[in-house]
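Generate the whole structure from the sequences, applying the supplied hints.
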Amino acid sequence: MKLMENLVISVPRLEIHRPPISTAIVCNVIKQAGHPVEALDLNIKFYNFLEQSEKFYDFDDVWAGERPITKEEIESINTFISGFKREISQYDRVFISVFGSWCHMFTEMLCKFIRKELPNIVIVLGGQGVLTASIGKNAKHFGQIMKEANLCDTFITGEGEKTIVEVLNKNLDMPGINNVEYKQLNELDNLPFPDYGFYHLDEYDYLNLEKEVFIVGSRGCVRHCTYCDVARYWPKFRFRSGENIADEMIEHYEKHGVSRFYFTDSLINGSIKAFHDMCTQLAKYNDTHKTGFKWGGQFIFRPKKQLPQDHYEIVSKAGGDTFYVGVETGSDKIRWEMDKKFTNEDIEWQLEEFSKYNLHTFFLMLTGYLTETLNDHKETIAMFKKWQRFVADGTITGIDFGPTLKFLAHTPLEKMIDSHEVYFLDVGLDVEDQTNKNINLWESKLNPDLDVYERIRRRVEIDKEAIKYNWPTWRGTTRLKTLKILAQQYKQFLSKINKPKMTIDQDSGLRWIS
Amino acid sequence: MIKLKLHVTGQYCNRWPTLIIWHNDQEIYCKQIENKQQISLELDAKNNMINTLAIGMKGKQFGKDGIYDTIVTGGKITQDLQINIDAISLDNISILDLLVKNDYHIDIVEGMDPNHANTIKANGELCFNGHYNTQYELPLYNYLTNAKWKQPLKTMSRHSNSSALFHYEEQQKEIDEIEEILDEIDGKFSNIRSKIRNT
Chain A
1 MKLMENLVIS VPRLEIHRPP ISTAIVCNVI KQAGHPVEAL DLNIKFYNFL
51 EQSEKFYDFD DVWAGERPIT KEEIESINTF ISGFKREISQ YDRVFISVFG
101 SWCHMFTEML CKFIRKELPN IVIVLGGQGV LTASIGKNAK HFGQIMKEAN
151 LCDTFITGEG EKTIVEVLNK NLDMPGINNV EYKQLNELDN LPFPDYGFYH
201 LDEYDYLNLE KEVFIVGSRG CVRHCTYCDV ARYWPKFRFR SGENIADEMI
251 EHYEKHGVSR FYFTDSLING SIKAFHDMCT QLAKYNDTHK TGFKWGGQFI
301 FRPKKQLPQD HYEIVSKAGG DTFYVGVETG SDKIRWEMDK KFTNEDIEWQ
351 LEEFSKYNLH TFFLMLTGYL TETLNDHKET IAMFKKWQRF VADGTITGID
401 FGPTLKFLAH TPLEKMIDSH EVYFLDVGLD VEDQTNKNIN LWESKLNPDL
451 DVYERIRRRV EIDKEAIKYN WPTWRGTTRL KTLKILAQQY KQFLSKINKP
501 KMTIDQDSGL RWIS
Chain B
515 MIKLKLHVTG QYCNRWPTLI IWHNDQEIYC KQIENKQQIS LELDAKNNMI
565 NTLAIGMKGK QFGKDGIYDT IVTGGKITQD LQINIDAISL DNISILDLLV
615 KNDYHIDIVE GMDPNHANTI KANGELCFNG HYNTQYELPL YNYLTNAKWK
665 QPLKTMSRHS NSSALFHYEE QQKEIDEIEE ILDEIDGKFS NIRSKIRNT
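If you're matching them up, the sequences are chains A and B in order.
Okay, so the first sequence: first residue is 1 according to this note's numbering, each after it adds one.
Okay, so the second sequence: first residue is 515 according to this note's numbering, each after it adds one.
Rather than coming from a laboratory, the hints here were simulated on the basis of the structure.
Even for Gly, the Cβ is constructed at its ideal location relative to N, Cα and C.
It is possible that part of the hints are untrue.
Here are some chain A residues the structure puts well away from chain B; computed CB gaps all over 12 Å [unchecked claim]:
1. Phe237
2. Ala283
3. Lys305
Here are the computed lysine to any residue pairs in the SDA-like style, where the Cα-Cα straight-line distance is at most 25 Å [stated by the list, open to error]:
4. A/Lys236 <-> A/Lys294
5. B/Lys550 <-> B/Asn629
6. B/Lys664 <-> A/Phe362
7. A/Lys140 <-> A/Phe193
8. A/Lys468 <-> B/Ile564
9. A/Lys385 <-> B/Lys550
10. A/Lys491 <-> B/Ile695
11. A/Lys484 <-> B/Glu694
12. A/Lys294 <-> B/Ser608
13. A/Lys406 <-> A/Lys356
14. A/Lys481 <-> B/Asp697
What follows is the structure, given as structure tokens:
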């Protein structure tokens with residue numbers, strides 16, 4: 001006898017500093033459709049299960065496909081999942097939120113467990129990770145792979161707010177259900193707010209010991225950066241009105257005492273008008289209620305002429321705090337080729353404004369771009385000295401270099417594989433996706449100076465320069481450990497090759513050197 | 515040269531207060547401060563040593579020659595000779611936080627209780643004769659970044675451990691190991707790298 005109808009599950013790897021927003025929305029959608037629902041956050045529970053946070057983060061290289069999973073890690077995950085058998089068995093149907101490719105392996109293990117131990121439960125997969133796939137022609141997306149393996153009954157692509165209701169009503173012959181023909185929603189203001197009442201808000205590892213939740217202000221992006229796959233999931237940029245977003249933040253403050261927020265938007269200021277309107281309303285509310293609002297998210301620097309006068313003063317009064325900006329490189333030329341559409345001059349003006357109004361920024365970098373020359377690299381190197389004063393005054397609070405450039409499916413960059421004569425070094429199967437080859441080591445015939453060696457060398461040089469000028473490198477050691485794995489793979493590959501030979505994979509169309 | 519900038523406000527009582535600044539134990543400024551003033555000085559900073567900066571007030575009288583630079587009426591201070599440091603920066607980086615986290619050292623002068631405290635915590639107000647001390651080293655921004663933002667390293671239950679910022683020891687180890695691998699590749703496999711590029 002089932003007690004409940006629907007269970008909405010979040011799976012690793014998500015971050016653990018805030019409750020998950022996507023499933024908080026799904027729960028509210030199901031509730032508003034009149035169906036009983038509960039939530040289970042296996043991400044935060046896995047974090048707590050492992051006891052030591054380092055172990056949780058040790059899995060990152062596994063989720064990212066940088067190293068194979070160990071037997072002990074497989075046992076650990078299976079033990080963890082088994083512990084929820086009784087709880088999951090209470091439900092007729094589970095909705096599993098697959099946030100991205102980092103959730104694939106855990107999702108697959110969970111679905112295998114449910115199929116074996118609880119075969120009567122209906123499994124529905126949703127989330128952006130359903131659509132992610134390997135690069136190359138004819139690559140299958142995760143939802144399709146899972147459906148073909150009978151590891152799910154239904155997969156949902158695109159936004160779930162309307163589609164989930166159709167699934168609940170068993171109308172499965174619809175766009176976005178078991179197909180990729182999903183339709184984007186045009187109006188976001190009418191959608192239900194996420195309901196965090198389904199979560200134990202005290203369970204999370206808040207960064208500042210104060211409750212903090214996610215906010216979705218927009219979906220999609222106004223830019224089409226060449227390396228980014230957001231346009232695959234949300235081709236059209238849609239945004240909520242500034243007033244609607246401010247209303248939601250004020251509701252979380254008044255209902256749960258939450259005054260800290262993080263926006264999930266690709267760009268929090270994708271619509272300057274909506275962003276400015278939101279800030280204006282929050283600044284007014286802040287002035288009368290002394291909320292101590294603090295919020296941030298991903299942001300784009302813009303040319304000065306695009307912004308209203310006193311823009312950043314209002315952002316500051318509204319509680320704007322830390323903004324994560326894809327600066328990517330110190331080279332205007334490369335940033336332009338990435339389609340970012342802002343210059344070093346724009347960055348510098350914005351840094352001055354941020355400094356003036358006590359706003360903070362965090363640089364996200366992408367080194368070793370496909371067309372990067374040594375001169376471009378030198379411009380990135382020059383950045384550290386040039387903007388060091390903004391580190392010293394606390395305006396720049398972090399910089400993350402990431403690993404070097406990787407190709408993602410469904411990006412403009414993927415389309416450049418042919419035009420730039422990119423080839424991959426065949427180091428074997430991808431440790432995350434055992435059906436596809438590892439694509440981490442690539443080179444381009446059109447930019448022969450930037451071979452794998454040179455890309456790693458430049459990446460290391462950038463780190464050294466950041467250290468020289470005392471920049472706040474976040475996750476510096478972790479990123480370098482990943483880079484070291486690349487260097488080791490590369491060395492191993494070179495040691496095995498005598499006469500390199502290029503072949504073209506007929507299925508994916510990719511060129512391989514072996 | 516390092517640019518020192520101050521925004522100060524002098525409060526009148528019998529006369530305007532006198533601000534005095536020493537750099538590396540040399541007096542570099544000594545003037546009366548009337549109302550709000552901005553002061554810009556250039557500091558001849560030395561490499562490879564700790565440069566010192568002291569900022570204080572002198573000349574306030576507590577009864578010497580019958581002069582009291584604090585006037586109390588009806589139990590309330592109605593006039594007081596003092597200077598407020600509103601802002602202070604080195605090469606455009608505020609050091610007010612670094613300055614006022616140190617004690618203010620008080621010179622005991624004629625008319626004051628000889629047992630008066632020698633130091634007080636203040637928020638940039640110079641109410642007694644005496645001075646704040648601070649220091650810096652070159653390169654300035656490296657020094658100030660550490661002084662203002664670097665925290666003792668803590669083992670935290672977080673991936674995003676902010677206390678790890680500016681502690682580069684582990685990063686440096688990884689860099690050294692990667693460079694060793696790159697050196698080996700450079701030494702052993704340059705030929706094969708060329709072959710791959712030419713395939």
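Assess, step by step, whether the Cα of lysine 140 of chain A is no farther than 25 Å from the Cα of phenylalanine 193 of chain A, and give holds or violated.
violated, 33 Å
For alanine 283 of chain A, is the shortest beta carbon distance to chain B beyond 12 Å?
Its Cβ never comes within 12 Å of chain B, the nearest being 24 Å, so this holds.
Please work out if lysine 385 of chain A and lysine 550 of chain B have their alpha carbons no farther apart than 25 Å.
violated, 34 Å
Non-interface claim for phenylalanine 237 of chain A: all C-beta distances to chain B beyond 12 Å?
holds, 29 Å
For a C-alpha distance cap of 25 Å, please report whether lysine 294 of chain A and serine 608 of chain B respect it.
Holds, at about 23 Å.
Satisfaction of hint between isoleucine 564 of chain B and lysine 468 of chain A, Cα-Cα up to 25 Å:
Distance ~19 Å between lysine 468 of chain A and isoleucine 564 of chain B Cα, so the pair holds.
Can the restraint linking lysine 236 of chain A and lysine 294 of chain A be considered satisfied, given a maximum Cα separation of 25 Å?
The given pair, whose Cα atoms are some 29 Å apart, is violated under the 25 Å limit.
Can you confirm whether the C-alpha distance between lysine 406 of chain A and lysine 356 of chain A stays at or below 25 Å?
Outside the cut-off at roughly 36 Å; violated.
Sort out whether phenylalanine 362 of chain A lies within 25 Å of lysine 664 of chain B, counting only the CA atoms.
With a Cα-Cα distance of about 16 Å, the restraint between lysine 664 of chain B and phenylalanine 362 of chain A holds, given a limit of 25 Å.
Evaluate the condition: distance from the CB of lysine 305 of chain A to the nearest CB of chain B exceeds 12 Å.
At about 25 Å from chain B, lysine 305 of chain A clears the 12 Å cut-off, so the statement holds.
Is lysine 481 of chain A within 25 Å of aspartate 697 of chain B, Cα to Cα?
Holds, at roughly 17 Å.
Hint consistency between lysine 550 of chain B and asparagine 629 of chain B [alpha-carbon to alpha-carbon, up to 25 Å]
Outside the cut-off at roughly 33 Å; violated.
Violated hints for the displayed structure, listed by number in ascending order: 4, 5, 7, 9 and 13.
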